Amino acid sequence: ETGVTQTPRHLVMGMTNKKSLKCEQHLGHNAMYWYKQSAKKPLELMFVYSLEERVENNSVPSRFSPECPNSSHLFLHLHTLQPEDSALYLCASSQAPSGRGETQYFGPGTRLLVL
Amino acid sequence: QKEVEQNSGPLSVPEGAIASLNCTYSDRGSQSFFWYRQYSGKSPELIMSIYSNGDKEDGRFTAQLNKASQYVSLLIRDSQPSDSATYLCAVTSGSARQLTFGSGTQLTVLP
Chain A
301 ETGVTQTPRH
311 LVMGMTNKKS
321 LKCEQHLGHN
331 AMYWYKQSAK
341 KPLELMFVYS
351 LEERVENNSV
361 PSRFSPECPN
371 SSHLFLHLHT
381 LQPEDSALYL
391 CASSQAPSGR
401 GETQYFGPGT
411 RLLVL
Chain B
225 QKEVEQNSGP
235 LSVPEGAIAS
245 LNCTYSDRGS
255 QSFFWYRQYS
265 GKSPELIMSI
275 YSNGDKEDGR
285 FTAQLNKASQ
295 YVSLLIRDSQ
305 PSDSATYLCA
315 VTSGSARQLT
325 FGSGTQLTVL
335 P
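Residue numbers (the working numbering), protein chains in the order written: chain A, 301 to 415; chain B, 225 to 335.
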């Protein structure tokens, strides 16, 4: 598979479950991102990992925990989620640095439903 | 709070017409601007990027940037039904890596 892949594509979990989302990029990029897309709301940047920085959106609850073991893989660990966390979770990657905003390439997303 | 504003639509245009999508942003320090297209149930894909004032053309798509007015637009010429999608405006804020997205404009091209 090429580009940015995400697994699973769909996930249903209870509020007491622990699960992880996985993202892998095959583009040789060195920056990766997690976004949340809820209905009728803008894409929301959750986390950025790159050689130069790790950025966390301060509004992201601690029940979301990212892990980036290397430049090709990114995980989002989920625990004790709430129903309002149901959304499409998108992973993206880009090649840094350029001094400008690099083009970000998105994976297909994981559709998460929290019951 | 850095914001990116788009008309949510829906915007409907007949096939063959020009579709005009608009976006304003609040951060005067923004340097890079992107238009993404998102089909229903799919992830965003890049249409255009623009960094300098003026127009940038790529096939049927033209992006226009006016930093003084904090305004960026996307024109789609000869619109096709396959162009029906939600178009997302994105602007760098803070570091070059942090994109702020608008809510998107839903475009429908009527056959």
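Keep in mind that the hints were calculated from the coordinates and are not lab data.
Bear in mind that the values here come from a model prediction, so they are computed numbers and not experimental data.
Idealized CB from N, CA, C, for every residue including glycine.
Keep in mind that the hints are not guaranteed to be accurate.
Label pairs and their computed distance ranges (CB to CB) [said to hold, decoys possible]:
hint, chain 1, residue 1, chain 2, residue 2, range
1, B, 301, A, 302, 25 to 33 Å
2, A, 305, B, 251, 40 to 48 Å
3, A, 327, B, 255, 18 to 26 Å
Okay, the hints, checked on the actual structure:
1. Checked against the hint of 25 to 33 Å, the C-beta distance between residue 301 of chain B and residue 302 of chain A comes to roughly 30 Å, which is consistent with it.
2. For the hinted restraint 40 to 48 Å between residue 305 of chain A and residue 251 of chain B, the CB-CB distance of approximately 32 Å leaves it violated.
3. Range check, residue 327 of chain A to residue 255 of chain B: about 23 Å between beta-carbon atoms, so the 18 to 26 Å window is met.
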